[in-house]
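Novice: The task is simple: from the sequences and hints, build the whole structure.
Quick note on numbering: the numbering used here labels position 106 of the sequence shown as 106, and the sequence is numbered without any gaps.
Treat the hints with care, as some may be off.
[What the hints assert, rightly or not] Label pairs and their in silico Cβ distance ranges:
no.: 1; residue 1: D197; residue 2: N218; range: 43 to 53 Å
no.: 2; residue 1: P43; residue 2: I224; range: 45 to 55 Å
no.: 3; residue 1: Q134; residue 2: Q214; range: 35 to 45 Å
no.: 4; residue 1: I76; residue 2: I210; range: 38 to 48 Å
no.: 5; residue 1: W68; residue 2: L216; range: 28 to 38 Å
Quick caveat, the hints were computed from the structure, so don't treat them as lab data. Values in this document were obtained by computation on a predicted structure and should not be read as measured data. The beta-carbon is built from N, C-alpha and C at its ideal position, and this holds for glycine as well.
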Amino acid sequence: MADSMSFFSDFIARYGSLLIQGTIATLIMTFVSSALAYLLGTPLGILLMMSAPNSLKPNRTLYSVLGWIVNIGRSIPFIILMVALIPLSRLIMGTSLGVAGAITPLVIASTPFVARLIENSLQEVPSGVIEAAQSYGASTFQIIWKVLLSEALPSIARSIPITVITIFSYTAIAGVVGAGGLGDIAVRYGYHRYQTDVMVATIIIMIFLIQVIQTLGNIAVRRIDKR
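Specialist: Following this line, the structure appears as structure tokens:
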């Protein structure tokens, strides 16, 4: 028991600060990228839903082009996309390394994913609700804001933890190419230096954070969904 406590104390003394910094970096990458992905993906998802056949403003050409772009974005493995976007990351953020360098590929990889989730959530809104709003003379903007987004809010809220956890997993992959965070620590110490204890510690922290994110998401959904 004393040996275990001594090992734990020594481990915290040596790697505690490093793991805290890695956790903070991972959370920054995750939540900043999630916010930007929803900022970009929500309008894209609305456009997909609105331009779909038999929708409010059907436009086959626009829907096909947007769908093609979204499907391409979702089909490229993240690690390949991140390497391919290194020049763009340097152009936008001034670097391709660390937290700043990871934001651009994380957002670009996540935006198509968010767009499809938003589109699917909006498509779940009963057509009768939309027709009722139209019969009262609601404008397209009013239907989007007050009907579609309002009715789809519980479904959108349920998708947010999925998105955040997906981006969280992307940050671990980003660590392979020097993006920082827990993934970078796991690769540098757990893989290159064969320090199994550091690898295990990063895995435990990641599992804990994912559980917290999912739990908070479930609480938020229960408060939003009054049905």
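Novice: Taking each numbered hint in turn, which are not upheld by the structure, reported in ascending numerical order?
Specialist: Checked against the structure, the hints that fail are numbers 1, 2, 4, while the rest are satisfied.
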